[in-house]
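> Read off the chains here:
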Amino acid sequence: ETGVTQTPRHLVMGMTNKKSLKCEQHLGHNAMYWYKQSAKKPLELMFVYNFKEQTENNSVPSRFSPECPNSSHLFLHLHTLQPEDSALYLCASSQNRDQPQHFGDGTRLSIL
Amino acid sequence: DAKTTQPTSMDCAEGRAANLPCNHSTISGNEYVYWYRQIHSQGPQYIIHGLKNNETNEMASLIITEDRKSSTLILPHATLRDTAVYYCIVRVSSGNTGKLIFGQGTTLQVKP
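Chains as they are written, first to last, in the working numbering: chain A, 1 to 112; chain B, 113 to 224.
Source of the hints: derived by calculation from the structure; they are not laboratory data.
Bear in mind that the values here come from a model prediction, so they are computed numbers and not experimental data.
The beta carbon of each residue, even a glycine, is placed where N, CA and C say it ideally should be.
Take these hints with a grain of salt, some might be off.
Restraint ranges, calculated between C-beta atoms of paired labels, are given here [to be verified]:
#1 A/GLY14 / B/GLY141: 46 to 56 Å
#2 A/LYS40 / B/GLN157: 16 to 26 Å
#3 B/HIS152 / A/LYS22: 18 to 28 Å
The following block holds chain A by itself, in its conformation from the complex (with noise of 0.2 Å):
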């Protein structure tokens, strides 16, 4: 258990669906992140937020879509997704950037 809930476990979806991934976090952490960890593929940074403001977009296409409306829930919209999105989504949080990041287990992200 470490702190940061993801959900689904597991997403499959089509090209023309909308969905939404959540993260929540209970360890009173200011700074929120997602990650996306492709197969064969090292994790990669896709948005930083801190103090529910986005501080990094990491060239992230815009068929994502990141919310933070508080500092303990992140959540990633997706809209017209292409093939090459599947992957495991990650998401993190920290006291401050300066801070070890806590992951949750995240959401592995089927689209067809």
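With chain A held as given, fit chain B onto it using these hints.
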């Protein structure tokens, strides 16, 4: 952030110490060495970090050479549950954007 080099894979006998090396020859004076691991089907887990002194916690020990160009993560009594991919990451000590740059890591296989 400085780049790191790790062996692709290592084996270790159960109950023995696992010593995982990492080269970071271009490390700067204000950069920490971080270690994370990722067990199959889980998110990465923070293990330990250090600047120049050796560090120890309940999970592992981190030995950093005097010139700081390399380090070794030591799992003193490896168990089968320590089988994972281990990532060595270098990042600045403050003013971070939050970005963690993961490489391919070392796949540690602990064998009975």
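> Looking back at the hints listed earlier, which ones does the structure fail to meet?
Failing hints: none at all.
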